[in-house]
Structures are given as C-alpha cells and as structure tokens.
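Protein chains in written order, with our numbering: chain A, 1 to 167; chain B, 1 to 214.
Keep in mind that the hints were calculated from the coordinates and are not lab data.
Some clues are possibly wrong.
Taking lysine-lysine pairs in the DSBU-like style, the calculated list, with each CA pair at most 35 Å apart, reads [to be verified]:
{"#": "1", "chain 1": "A", "residue 1": "LYS38", "chain 2": "A", "residue 2": "LYS135"}
{"#": "2", "chain 1": "A", "residue 1": "LYS38", "chain 2": "B", "residue 2": "LYS85"}
{"#": "3", "chain 1": "A", "residue 1": "LYS135", "chain 2": "B", "residue 2": "LYS85"}
{"#": "4", "chain 1": "A", "residue 1": "LYS155", "chain 2": "B", "residue 2": "LYS17"}
Computed from a predicted model, the values in this text were never measured in an experiment.
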Amino acid sequence: MKRLAVRNLRLCTKDCLCLYVCPTGATDTENSIIDTTKCVGCGVCADACPSGAISMVPVQYPPQQKKAEGVVALANALAESKAVQEGMARQLAEGEQAPGLFRLLTAVYRSVRLVNEDLLREAGYMLPQSANSHKLLKSWLETPPSPDFPVEAAKQLLERIPCNETE
Amino acid sequence: MSKWICGICGYVYDEEKEGVPFRALPEDWVCPLCGAGKRLFSPQEGQQPAPPSASGPISLQGEWTELSAGALSAVCSNLARGCEKQYQEQEAALFRELAGFLAAAAPPVPDGSVDRLLELIRQDLSQGYPALTAAAQAEGDRGTQRICVWGEKVTRMLEALLERYRREGEAFLRDTNVWVCSVCGFVYVGDSAPQLCPVCKVPDWKFERVEGRR
Ligand code: SF4
Ligand code: SF4
Ligand SMILES: [Fe+2]
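All chains should be modelled from the sequences, with the hints used to inform the complete structure.
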C-alpha cells in the first residue's frame, strides 16, 4: 500500500534527524509540512524521529466498516436527541446572565457536540472518503437545502476527496 | 463494610479504609478523582450494573435516513476532524464551513429551559443508550458499544452537574473552573483539569477551560 510521511507539528521537537535521513529532501520545507510531491514513502524519517512525530499514512484508506441498519437507526435517533440538547443549551447560554450557569451551559453544548460527533462517526460517517459522506455531499450539490447553502464547499470537497468505496 | 465504585471513573470508595459508611457521607460529597456526585456511585457487591438490554427498543418515527440540520452539522464537524487526523487542513476547513452553516440553520428550540434539558438528558440515559447498546451488542458492533460506554458516562456527568447547579445555584461554580475534555466531552468542575480524563484517559492538556462571558 502506498504511504506518505506526515509530521505532527505538536509533537515535533525540531531536532532535525528527519532532515538528515530523507533521501529526497521531502522533510526539509519552510512550513514544516512534509512535501508530498517529493516523499516516496520509504518510512526512514518515521523510524529516525526521536519524538514519534512522523506517521506513515496510507494514500488510500480502506473502506470503513459496514454498520447494521438497526444500529444506525437507533444511533440516528439518539443523534437527533443530542442535536436538540446542543441547540437548547446553546440558546440558553446565549441568554444567560448568571456567570456560573453561562459557563456550565457552554460546557454542556460543547460536550454534547463532541458526544454527537463520536456517535455519528460510528453510525456511518467515519471517513470523509466513504460512500456515505460522498452521497451526502452529492445530495447537497444536486438539491441545495437552502438558497444560501455553501454549495461551493460541497463541490470542492467532492473534487478534493476521492471516494474509496463503490457506491 | 463494603466498597462503592464511581460510575464515571472507577474510583473505589472503601468504607473500611475510610471509616465512614458511604451512605453517611454528606450529600455534596464528590468523587475525589473525577468530581462525580454521590449518586453516580454504586455498591461493589452487585458487581456490574444491570445489563442495559432490558428496557426494550425505543419507538422510531419514520425512516431515519434524513437527519436534521443540527445532526448534520455534527456529521460535518466530525468529518472535519477526520480530515484533520489525515492532515488535510483545507478539506477540514470546508467541512467546518458546512458544519457552521448547518448549525446556524437549525431552527430555534421553542421551549428551552434547564429542566427541559435535564429531561432530554435523562431520556437518553433511560432509553437512548440502553437501546443502542443492546442493538450494538446483538450485532457484535464494538465501535458502537465504545461510544455508548463513553457517551453514557459523559451524559451522566452532565445530568449530575445540572442537578447540582439546580440545588446550589451560582455558589456551585463561584471561584472554580469548568473544563471540557476535547476528545470525549467529559465535563469537570474544579480548579484544574484532571490529570487523566476519567472517561477517555487522555492527559490534562487535552482539556479546555470554559471561559466566562467577556
Ligand atoms: S526528526 Fe522528528 S522531531 Fe526532529 S525535526 Fe524531524 S519530525 Fe521533528
Ligand atoms: S518517507 Fe522517506 S521520502 Fe518520505 S519524507 Fe520520510 S524519509 Fe523522506
Ligand atoms: Fe475524555
């Protein structure tokens, strides 16, 4: 499987071993992002990095796991409940004058959003490359949900992210 | 003498060691590890809490192929995270743009209140999670079981914190901080973030402090 090196800037301690070992100079860039056009995927930099800052990622991801319909239906129902809670907590926070409750409600809507993201990830939206993600983006392109919907963003995503499943 | 286990982080309260029966602890006693309230503890004897399969499936209206704008916003912000993990920053930004639009497009909630919020949270705990856990177990879907374990704990904590706020009001949060685990959403009230997230085990720097209104 073809792979590419990526550097996690939060972990990189700038001790530069990867610059010495890379056979193509891909790791030596002005913005610290490894040059994908130069990287040949040999993995030498990842092995050499003392900080574990470089990962080798596949160019093509395997299809995500299929989910049972019954599980997805229940997950979606729970996701709708979370969406209402998030909206409600956000709305309440916006109108809240008491400083403590404002912070608590802010924490609630952020928390609920994180939980919902995790829920939906497991309910068929793990990978941006998945057939589900593509189906969603395409549906927005074909019938935008509202006149001012950011159709251009959906279009660009479809162009930039290849689908890794046959629909 | 018995032991009581924190339902959030697994901390064990040993009555013998502490010298105070668990039930005799004051009502505002909280878990020394994760800050969960007394109610979130259960006695160790019964071992695991009852398996959540009993409560039966919740009723579904219509086909759940169409998600609402609010849920779709979370789909998009989740896919933005997926792009970030793959180091695709531009794609992540595009998904975030969609997520932002959809969040703004979600209709306002007409009857919002802290009580109503608590009701919805309790409904997830009594119906949503048990039903989803049972279905995931039946299918051997361990990914979904994981998010049920995490999500349920996080949701229980939200219930406990909102209840405590209702009892104690602003005094509960005066001179202390509110933290959110940026990975699993666990909310913690205390001066500093826990060293490890009691739910997903990430280190304290993954916690974000909730800022007050400026
Ligand atoms: S070897 Fe690792 S730590 Fe050193 S500069 Fe390269 S990525 Fe950063
Ligand atoms: S994988 Fe090989 S070619 Fe690519 S950046 Fe690392 S050392 Fe250079
Ligand atoms: Fe966490």
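Give me the numbers of the hints this structure contradicts, sorted from smallest to largest.
-> Hint 4 alone not satisfied by this model.
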